[in-house]
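A.B. asks: Chain by chain, the residues run as shown.
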Amino acid sequence: MSWIAIGEIDDIPLRGARCIKTPTAKIAVFRTADNAVYAIENRCPHKHGPLSEGIVHGAAVTCPLHNWVISLETGAALGADEGTVRTFPVRNDNGRLSIALAEPALAAAE
Amino acid sequence: MTQKLVIIGNGMAPGRMLEHLFEQAPGLYEVTIFNAEPRVNYDRIMLSPVLSGEKTFEDIIIHGDGWYIDNNVTLYKGHRIVSIDRNARTVTSDHGVTESYDRLVIATGSVPFIIPVPGKDLPGVITYRDLDDVDAMLLAAQSREKAIVIGGGLLGLEAAAGLALRGMDVTVLHVMPTLMERQLDPAAGYLLQKAVEERGIKVITKANTKRIIGTDRVEGIELDNGTIIPATLVVMAVGIRPNAGLAKDAGLAVNRGIVVDAGMRTSDGDILAVGECAEVDGMVYGLVAPLYEMARIAAAHLAGDTKPAFVHSDTPTKLKVTGINLFSLGDFADGDDREEIVLRDATAGIYKRVVIKDNRIIGTVLYGETSDGAWFNDLKKKGADISAMRDTLIFGQAYQGGSPLDPMAAVAALPDDAEICGCNGICKGKITSAITGKGLTTLDGVRAHTKASASCGSCTGLVEQLMSLTLGDAYNPAAVTPMCTCTELGHDDVRRLIKAKGLKTIPAVMQELEWKTSCGCAKCRPALNYYLVCDWPADYADDYQSRFINERVHANIQKDGTYSVVPRMWGGVTNAAELRAIADVVDKFEIPMVKVTGGQRIDLLGIEKEDLPAVWADLGKAGFISGQAYAKGLRTVKTCVGSDWCRFGTQDSTGLGIRIEKFMWGSWTPAKLKLAVSGCPRNCAEATCKDIGVICVDSGFEIHFAGAAGLDIKGTEVLGLVKTEDEALEHIVALTQMYREQARYLERIYKWAKRIGLDEIRRQILEDGEKRRAYYERFVFSQQFAQVDPWSERVSGKDKHEFKPMATVGFEAAAE
Ligand SMILES: Cc1cc2nc3c(=O)[nH]c(=O)nc-3n(C[C@H](O)[C@H](O)[C@H](O)COP(=O)(O)OP(=O)(O)OC[C@H]3O[C@@H](n4cnc5c(N)ncnc54)[C@H](O)[C@@H]3O)c2cc1C
Ligand code: SF4
Ligand code: SF4
Ligand code: FES
Chain A
1 MSWIAIGEID DIPLRGARCI KTPTAKIAVF RTADNAVYAI ENRCPHKHGP LSEGIVHGAA
61 VTCPLHNWVI SLETGAALGA DEGTVRTFPV RNDNGRLSIA LAEPALAAAE
Chain B
1 MTQKLVIIGN GMAPGRMLEH LFEQAPGLYE VTIFNAEPRV NYDRIMLSPV LSGEKTFEDI
61 IIHGDGWYID NNVTLYKGHR IVSIDRNART VTSDHGVTES YDRLVIATGS VPFIIPVPGK
121 DLPGVITYRD LDDVDAMLLA AQSREKAIVI GGGLLGLEAA AGLALRGMDV TVLHVMPTLM
181 ERQLDPAAGY LLQKAVEERG IKVITKANTK RIIGTDRVEG IELDNGTIIP ATLVVMAVGI
241 RPNAGLAKDA GLAVNRGIVV DAGMRTSDGD ILAVGECAEV DGMVYGLVAP LYEMARIAAA
301 HLAGDTKPAF VHSDTPTKLK VTGINLFSLG DFADGDDREE IVLRDATAGI YKRVVIKDNR
361 IIGTVLYGET SDGAWFNDLK KKGADISAMR DTLIFGQAYQ GGSPLDPMAA VAALPDDAEI
421 CGCNGICKGK ITSAITGKGL TTLDGVRAHT KASASCGSCT GLVEQLMSLT LGDAYNPAAV
481 TPMCTCTELG HDDVRRLIKA KGLKTIPAVM QELEWKTSCG CAKCRPALNY YLVCDWPADY
541 ADDYQSRFIN ERVHANIQKD GTYSVVPRMW GGVTNAAELR AIADVVDKFE IPMVKVTGGQ
601 RIDLLGIEKE DLPAVWADLG KAGFISGQAY AKGLRTVKTC VGSDWCRFGT QDSTGLGIRI
661 EKFMWGSWTP AKLKLAVSGC PRNCAEATCK DIGVICVDSG FEIHFAGAAG LDIKGTEVLG
721 LVKTEDEALE HIVALTQMYR EQARYLERIY KWAKRIGLDE IRRQILEDGE KRRAYYERFV
781 FSQQFAQVDP WSERVSGKDK HEFKPMATVG FEAAAE
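The listed protein sequences correspond, in order, to chains A and B.
Residue numbers for the first sequence follow full-length UniProt numbering, beginning at 1 and rising by one.
Residue numbers for the second sequence follow full-length UniProt numbering, beginning at 1 and rising by one.
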């Protein structure tokens, strides 16, 4: 696992998200109303909708395609729906953000 | 291979049959329906509330147009089948359409019986069977003159009550000594007559019609005894006959109705019959409960399960006249072998009678107080021995077991298999288990899942009691539906309080109105954002994080996460330079799909989010602005070529459409808003299914609104005719502003209009010039802040973060 700097917290709008591109996956980094930061895979467990485009409320995001609600803390779908997306640890040092990626997420498929 | 199932008649019985069939054997048949009535399947039982004004036709539709599309059913509206060719296995309609079948279902219902007296064919003499009859009655009622209803049965009395409510002076003629004599004993019939007369309806019993008077149209009726009663409308409601002529012509066995076995098969095994036209075991039926049973059985047989068989059961009768409660069930004629128990309470207007044979209930009549109907029905059905409670039986369930119970306890005490909804044969256990199992909390939810109370509605009270029993305090029927789980308040209250308390930000709304969550959810935030944009155009800073992605990035997200881009094409008009610019953009960005939309413009699909600003920059150079094809706001104004080109055109429809679009673009509305302008009543721009439409005529502009052509299909309502283009624009703008200020978020204009009433809208927009002007001006004011092209803003750098990834990591490693 390696920690990689991704930018400043202010790069992300309050109650919003930005994307990180990696060779194997897109990761969505969220900033909630109370300035907590979470990173999850940008791929809804339902039909792969881009979660970074959803509306952020509390510590959850509503998928823009069919309105599943995904917990930013656990990556699990809330309510009646079932499914989970990968989550990634995020560190916030006075506004400087980095995320932890396992090596396979970094390496391109050969 | 799928087989062909053809159905003749689109009434309540085959509608229910298809629901069962699609559940049991989806895809087994390709279904085609021919219906003589030019409409979808609706709840015929509820025509009386439509007549009285308590419901609208839209309220009683069972299967909207969308249902037929979803289930791949071809429905020929207004096609009467005139022949069945059993050798060729085809049916042919009066419009000449011939369709072949593997299995055929005849469901032609009944025809009203017309008494053969002179004058029966005069205009103004009608029956009571379908929506056309209701429309004819409503038209006649506008005159507020005299009407006669022949027949004092269920149908006749409902018609009389409806016409009286609509302001007509109504007389009911009934041939027997008491009303509804087939369902009520004379004592109850007498009480009913008093109640009917209290509603200002005259009742003449033992009245034999001799002839209907009139030359060009009906003028009155002459009775046997020489009495003449004047009237401009005569409604015959004297009974029905199974509509079996078509089957008879085809050589099927027909007695009173089309003879079927307990599996609903006619004498030809490939042909089934269901509904009022069918005769099973010597019986024909005129109430939906047994017809729904036929539907269930026919569906099972069509699905290949031949075990289920139809069994007769008595259906209780109830009269659907608001304020009159009566219940009748089974056999209540006097007889030596029977015993009866009667309760009368003249002051309270109550009469109850239970007929008993061999210690078992065989019939019940309840008048004035009918809440024990379900209980008596249950005892009768089960053949329960009542000897132990004979003395208190008539006082109802509440008095059994010593102390009187309250009505809730009475419902609680009903066994699980007690029937609650007679029409659909739904028992208590099924309802309670659906409530708990499916987490239902509203009456509509229970109706959707169980069908209980979804037909005639007379068991609604019982169902509501069951809901409060099962849900406890969680069920509160009077409560408004909250906006979402973040608040107890409904949309209307929130809108009102935003204005009243001067709340101008989302956090202020949430604080003042005591939101239960810290920052709302994906349901309430976009709604609040819209309400604030609409109510405080000059003060409120649009909160983009509370908008859906499409409105945030000004393009439409597609299933693969790419976007589509639709530039505005004013009134659907374009030119070579614009088309060339679009072509260049398509080449440059390798856009995979170019599509002409339903709104007369061009859609570029499959664009990566990061490319959007560059695409817009190029389009902007050619003069394009955003078409807002993603917005809950003004979308398109479709036009036809109008008087400039078309030989039928009466006005410059293209010019007016462009003018409206240029005036209104950029405005946010509760839900999307689509307009159209047609140059003449041929209506090539399809203006009569739009949110707002204009039909140009020689004398001016007919303004329409509240149409729909999506999940629901609905023709527009007419707002009114205006003379000039300026007036047309002012009316359309004012109507839009009224809708913007009053509707709930995501509520299309036709739903809003239905909720607040067409007359109210006409009053404020058409008749009250001052109100209209004020709406118009508020719209114009808010447009100063709304008419900013979002594309050029973003080309100049606004919201850059939306279109770029925050970081790109790991690619160096991969390159090694
Ligand atoms: C005003 C009113 C109130 C009622 N109230 C109650 C009530 O409270 N409780 C209750 O249980 N029942 C009530 N009923 C009766 C109930 O509505 C009927 O029993 C039920 O609708 C019959 O259903 P069906 O499918 O057999 O026939 P219908 O619903 O009558 O449908 C038959 C359809 O077939 C079409 N058709 C006929 N011939 C042809 C042909 N040759 N080709 C193509 N199409 C054809 C007709 O146009 C019609 O649309 C009421 C009826 C009316 C009119
Ligand atoms: S609606 Fe009338 S004016 Fe317009 S194109 Fe059609 S026929 Fe011509
Ligand atoms: S474009 Fe419209 S009609 Fe077509 S699939 Fe999508 S939502 Fe349905
Ligand atoms: S893809 Fe996310 S809800 Fe369907």
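Source of the hints: derived by calculation from the structure; they are not laboratory data.
The structure displayed is predicted, hence computed values, not measured ones.
Please note that the accuracy of each hint is not assured.
Unchecked claim - Subject to a maximum C-alpha distance of 30 angstroms in a straight line, what follows is the list of computed DSSO-like cross-link-like pairs (lysine-lysine):
{"#": "1", "chain 1": "A", "residue 1": "K47", "chain 2": "B", "residue 2": "K800"}
{"#": "2", "chain 1": "A", "residue 1": "K26", "chain 2": "B", "residue 2": "K588"}
{"#": "3", "chain 1": "B", "residue 1": "K438", "chain 2": "A", "residue 2": "K47"}
{"#": "4", "chain 1": "A", "residue 1": "K26", "chain 2": "B", "residue 2": "K559"}
{"#": "5", "chain 1": "B", "residue 1": "K559", "chain 2": "A", "residue 2": "K47"}
{"#": "6", "chain 1": "B", "residue 1": "K559", "chain 2": "A", "residue 2": "K21"}
{"#": "7", "chain 1": "B", "residue 1": "K120", "chain 2": "B", "residue 2": "K146"}
{"#": "8", "chain 1": "A", "residue 1": "K21", "chain 2": "A", "residue 2": "K47"}
{"#": "9", "chain 1": "B", "residue 1": "K804", "chain 2": "A", "residue 2": "K21"}
{"#": "10", "chain 1": "B", "residue 1": "K588", "chain 2": "A", "residue 2": "K21"}
{"#": "11", "chain 1": "A", "residue 1": "K26", "chain 2": "B", "residue 2": "K804"}
A.B. asks: Of the hints stated earlier, which fail here?
C.D. replies: Structure breaks no hint.
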